[in-house]
Amino acid sequence: MGPLIPNGVITGDWDFVIALIIGIIFGFLLESSGFSSSRNIVGVFYGYNFVVLRVFFTAVIVAMVGLLYFDYFGWLDLDKIFILPTYLTPMIVGSVIMGFGFVLGGFCPGTSYTAIAIGKLDALVFTVGLFIGIFIFSETFPLFQDFYYSGYLGNVTLTDVTGIPAAWFAFAFTIIALASFWITMVIEKRVRKNITEYKF
Amino acid sequence: MEINNRDNNRPHYINPYLGGVLLGLLVIITVYITGRGLGASGAVKSAVVTTAEAITPAHAESNPYMSKFTGGDHSPMYNWLVFESLGIFFGGLLSGILFGRLKKIRIEKSPKITNKTRLIAALTGGILFGIGSQFGRGCSSGAALSGSSTFSLGGVIVMLVLFGTGYAIAWMFKKLWI
Amino acid sequence: MHVHELNPKKTLITVIIFVIVIIVGFLTLKKPRFTYKLDMKQSVEILHDSSLYFYPWQLADVVDNVESNVVLIDLRDKFSFGQGHIPGSENISAYDLTEENNIEHLNELKSAGITVVFYGNDQLQANGPWMWFRQTGFDNVKILLGGYNYYKAHKNRLSQTKSDKGFMCELPRYDYAKAASKKASKGVNNTVKKKKPVVVRRKKRTVTASGGC
Amino acid sequence: MNKNYIFLTILMILLAAGTLFLDNRKDNYQIKPEVLLYEIIQPTRYVTTDQVAKMIIDKDPTLELIDVRSPEEFDKFSLTNAINVPLDSIITAGSQDYFGLPGVKVVFYSNGDICADQAWVLTRRMGYKDTYVMKGGLNRWIETIIQPKEPPQEAPYTDFELYQFRKGAQIYFTGAEIESTQVKKKSSVKVRRRKKTVTASGGC
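Residue numbers (my numbering), protein chains in the order written: chain A, 298 to 497; chain B, 106 to 283; chain C, 1301 to 1513; chain D, 518 to 721.
Note that these hints are calculated values from the structure, not bench results. Computed from a prediction, not measured in an experiment: that's the story for all the values here. Please note that a few of the clues may not be correct.
Lysine-lysine pairs mimicking DSBU-like chemistry, simulated, CA-CA at most 30 Å apart [said to hold, decoys possible]:
| no. | chain 1 | residue 1 | chain 2 | residue 2 |
| --- | --- | --- | --- | --- |
| 1 | B | Lys280 | A | Lys490 |
| 2 | B | Lys208 | C | Lys1310 |
| 3 | C | Lys1331 | D | Lys549 |
| 4 | D | Lys652 | C | Lys1378 |
| 5 | D | Lys646 | C | Lys1331 |
| 6 | B | Lys221 | B | Lys209 |
| 7 | A | Lys490 | C | Lys1310 |
| 8 | C | Lys1337 | D | Lys549 |
| 9 | C | Lys1410 | D | Lys549 |
| 10 | D | Lys646 | C | Lys1330 |
| 11 | B | Lys280 | A | Lys486 |
| 12 | A | Lys377 | B | Lys173 |
| 13 | D | Lys666 | C | Lys1465 |
| 14 | A | Lys377 | D | Lys622 |
| 15 | D | Lys549 | C | Lys1330 |
| 16 | D | Lys646 | A | Lys377 |
| 17 | A | Lys486 | D | Lys520 |
| 18 | A | Lys486 | C | Lys1310 |
| 19 | C | Lys1462 | C | Lys1410 |
| 20 | B | Lys279 | A | Lys490 |
| 21 | C | Lys1465 | D | Lys652 |
| 22 | D | Lys549 | C | Lys1341 |
| 23 | C | Lys1309 | D | Lys520 |
| 24 | A | Lys490 | D | Lys520 |
| 25 | C | Lys1337 | D | Lys652 |
| 26 | C | Lys1378 | D | Lys549 |
| 27 | C | Lys1341 | D | Lys622 |
| 28 | C | Lys1337 | A | Lys377 |
| 29 | D | Lys646 | C | Lys1341 |
Residues of chain D placed beyond 12 Å of chain A at every Cβ, according to the derived structure [to be verified]:
| no. | residue |
| --- | --- |
| 30 | Met572 |
| 31 | Phe591 |
| 32 | Ala599 |
| 33 | Pro603 |
| 34 | Asp614 |
| 35 | Pro668 |
| 36 | Ala672 |
| 37 | Tyr674 |
| 38 | Tyr680 |
| 39 | Ile688 |
| 40 | Phe690 |
Virtual Cβ for every residue (Gly too), placed ideally from N, Cα, C.
With the hints as constraints, model all of the structure from the sequences given.
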């Protein structure tokens, strides 16, 4: 049955309405979980607030497990969904750069939109930075075009690379995530004792 | 407890696990409907291409990166991710109103730094994130969240390296936040 | 208050709804009607098994009702069937093969140990269905070599077809290399002649063994 | 600490562990039996020798001819640019590199069309799309392209058009403009003999 749009169950005309609705839910969830505050987000790196880790890992394990069940029930064909292509080296380098941007800026693109919505000036500046960054990238693209396309492995999943069934990855991720929830709880309690409470 | 006194002033957030479960279900629904996951940085890319095209169309066409996204029947802004990002904005607004967080324009920062420092850091962070997201084929929501949910190797790599770098360098910028 | 001291009621409710959806999924899960019983390797191997092919001369007994353990199934449409068919055969059009009562009927024949022979106008028409039923575990299904057309042309001398190769449609009817390039015909001609006696001897053995293909 | 969290943790572990027991029904790449049978019944996979000849003459880059006969037969004669993948080795990993390339039409052929059709069923079950069978095989190739017969006088115009095309194709493939009568006789003599020769190498 699913995915609906690639299978033609829903026509492309509804694309943008659906995009808007999904975006609204996404934004609502990000904001209400506290992702509109950069100090909340960055707290994950200093141990005083693990909200990012909790939301993110919970979302990943629920989605992983859910997709596997949906695939099994025949509701969703996992072979037909888009798999993010892997470009090994540029992805690693890009993620390192993003890591710096994350700690410096305190947002990622999605969360910065919600923070603009509730009136955070730093989020607006961050988004302007995003714009400039992508512009710089496009302008200098010819310089590292070869690098940009290097390390291409195709649209591979973990199963394609390792041969281990996806369910084992879902299970391992779940265990890691749940363990980290309990461990970070202890860390968070300890760190918060020595920290002056911050305003949101 | 000292913290308890301030609970009344604290903004009300939903339980992070509730947010996480709902977000996970949203990813499933999104994949179920569209066959691909969520994303956010793609909208800014569309905006960049559109702006460049509006100012100097010839330049945008000749740029090997931007030309990948120009030349369709519609403007690059007529794009799934742009609409989704608009939705993110309005969703955030809705939640801000509901939970009383929509206030006048303000800057959030550590009390130890000036507004200027914070804004410069935010701008630098934005620029770096913008460049990095192009190499990483997506940002934390597009690549890390949706990518790893669909068991993509690239998605997992982005997630691990992104957070790993964060932890590795966090001590350098401690002053910005605490 | 730490988040772990709050009561995650809503989270619990959401997760339970999620679990209920999964349980509903399990309850509504239908067992697939067909599964492959042979893997790819076995599916290739059966193509060499001459006992899975039904030779035209074997038809003689079936038509004369001597052999009662064989059911012929005509996969052509009703119209062609009405115009002429092998006596004693049943008609299940290829388009209706998966209908519940037809599958049931084939299953009954299978459990009764009766051999089912598929045929179409030619071997090709029945080839796909034959392979499919073999692969999905109907190990009583065979295919009639030559199909109805061959039967029609030879129906009065079926027993003599043992020595005929006309139904073996995979046999080359021409010397391709020679037919296609006339310039080199002389050279090829010589080699063929040399090889000929050796080859003829082998022929008799091979034909019956290697089935239609 | 609320004990509901412990409950949630256990629930999530159980859910994740449950996925380990979902047997992989799809055999990860094979198409469903129902779909396979449905496509088997459709005649859409057949292409005529004329279509193949036209594609070869046009040097159609999307065409990929696969010869499923034995290597010996392949060495003696094969169609232009065909690749030899004997039916027995069609499921080996090396052979599968030829199938499922985007924008490429794979056409199977053999002496007749049974082996090619069997190759089609096997590859289709493995999920490869855009695969076709040359109906009639090389036997019909010779009859229609290499030694086309002139249609009778009362035949419709399209038959003559087709005949014209085949004559052209004949010249293209044989490289010779000889009066066909003589050739026919010659080859028809050899044909009988040849038949015996190849029988030896078995089916396909």
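Structure-based check of all given hints:
As the CA atoms of Lys280 (chain B) and Lys490 (chain A) are separated by approximately 18 Å, the hinted pair is consistent with the 30 Å bound. Of the supplied pair hints, the one linking Lys208 (chain B) and Lys1310 (chain C) holds, its CA atoms being roughly 27 Å apart against a limit of 30 Å. Taken as a hint, the Lys1331 (chain C) and Lys549 (chain D) pair is honoured in the structure, with Cα atoms around 13 Å apart against an allowance of 30 Å. This hinted pair checks out: Lys652 (chain D) and Lys1378 (chain C) have alpha carbons roughly 24 Å apart, not beyond 30 Å.
Between Lys646 (chain D) and Lys1331 (chain C) the alpha-carbon distance is near 26 Å, which keeps this suggested pair within the 30 Å criterion. Proposed proximity of Lys221 (chain B) and Lys209 (chain B) is supported: the alpha carbons are some 18 Å apart, at most 30 Å. For the given pair, Lys490 (chain A) sits about 28 Å from Lys1310 (chain C) by alpha-carbon distance, which is consistent with the 30 Å threshold. Under the criterion of a C-alpha separation no larger than 30 Å, the hint pairing Lys1337 (chain C) with Lys549 (chain D) is consistent with the structure, at around 12 Å.
Among the hinted pairs, Lys1410 (chain C) with Lys549 (chain D) is consistent with the structure: their alpha-carbon atoms are about 22 Å apart, no more than 30 Å. About 27 Å separates the Cα atoms of Lys646 (chain D) and Lys1330 (chain C), which keeps this hinted pair within 30 Å; it holds. Restraint check for Lys280 (chain B) and Lys486 (chain A): the C-alpha separation of about 21 Å stays at or below 30 Å, so the hint holds. In summary, the hint linking Lys377 (chain A) to Lys173 (chain B) is supported, as the alpha carbons are separated by about 24 Å, within the 30 Å threshold.
Of the supplied pair hints, the one linking Lys666 (chain D) and Lys1465 (chain C) holds, its CA atoms being roughly 24 Å apart against a limit of 30 Å. Between Lys377 (chain A) and Lys622 (chain D) the CA atoms are separated by roughly 21 Å; this keeps the pair inside 30 Å, and the hint holds. Restraint check for Lys549 (chain D) and Lys1330 (chain C): the C-alpha separation of about 14 Å stays at or below 30 Å, so the hint holds. In summary, the hint linking Lys646 (chain D) to Lys377 (chain A) is supported, as the alpha carbons are separated by about 14 Å, within the 30 Å threshold.
For the hint pairing Lys486 (chain A) with Lys520 (chain D), the CA-to-CA distance comes to about 18 Å; that is within 30 Å, so the pair holds. Simply put, Lys486 (chain A) and Lys1310 (chain C) have alpha-carbon atoms about 23 Å apart, close enough for the 30 Å limit, and the pair holds. With a CA separation close to 28 Å, the supplied pair Lys1462 (chain C) and Lys1410 (chain C) stays within the 30 Å bound. Between Lys279 (chain B) and Lys490 (chain A), the direct Cα distance comes to roughly 17 Å. Compliance with the 30 Å bound is thereby established for this hinted pair.
The suggested pairing of Lys1465 (chain C) with Lys652 (chain D) holds, with an alpha-carbon distance near 20 Å, which does not exceed 30 Å. Simply put, Lys549 (chain D) and Lys1341 (chain C) have alpha-carbon atoms about 18 Å apart, close enough for the 30 Å limit, and the pair holds. This hinted pair checks out: Lys1309 (chain C) and Lys520 (chain D) have alpha carbons roughly 11 Å apart, not beyond 30 Å. Of the pairs offered as hints, the one joining Lys490 (chain A) and Lys520 (chain D) holds, with about 23 Å between alpha carbons and a cut-off of 30 Å not exceeded.
A C-alpha spacing of about 29 Å is found between Lys1337 (chain C) and Lys652 (chain D), which places the hinted pair at or below 30 Å, so the restraint holds. Only pairs whose Cα atoms come within 30 Å are accepted, and Lys1378 (chain C) paired with Lys549 (chain D) is accepted, the gap being roughly 28 Å. Using a Cα cut-off of 30 Å, the hinted pair Lys1341 (chain C) and Lys622 (chain D) holds, with the two alpha carbons roughly 24 Å apart. Distance restraint check for Lys1337 (chain C) and Lys377 (chain A): the Cα-Cα separation of roughly 25 Å lies within the 30 Å cut-off, and the hinted pair is therefore satisfied.
At most 30 Å may separate the alpha-carbon atoms for a hinted pair to count; Lys646 (chain D) and Lys1341 (chain C) meet this at roughly 20 Å. Separation of Met572 (chain D) from chain A is adequate, the least Cβ-Cβ distance of about 29 Å exceeding the 12 Å criterion. Distance check on Phe591 (chain D): its Cβ is at least 32 Å (rounded) from any Cβ of chain A, clearing the 12 Å threshold; non-interface status holds. The claim that Ala599 (chain D) lies off the interface holds: its Cβ sits roughly 28 Å from the closest Cβ of chain A, which is beyond the 12 Å cut-off.
Distance to chain A confirms Pro603 (chain D) as a non-interface residue, since its nearest Cβ pair spans about 28 Å, more than 12 Å. At the 12 Å boundary, the C-beta of Asp614 (chain D) stays outside the reach of chain A, the nearest C-beta of that chain being 14 Å off. No Cβ of chain A approaches the Cβ of Pro668 (chain D) within 12 Å, the least distance being about 44 Å, so the stated non-interface status holds. Once the 12 Å rule is applied to beta carbons, Ala672 (chain D) is consistent with being away from chain A; the minimum gap is 44 Å.
Against chain A, the non-interface label of Tyr674 (chain D) holds: every CB pair exceeds 12 Å, the least being about 41 Å. Residue-level check passed: Tyr680 (chain D) sits 43 Å from the nearest beta carbon of chain A, beyond 12 Å. For Ile688 (chain D), the shortest C-beta to C-beta distance to chain A comes to about 44 Å, beyond the 12 Å cut-off, and the non-interface label holds. Here Phe690 (chain D) stays apart from chain A, with its beta-carbon at least about 39 Å from theirs, past the 12 Å limit.
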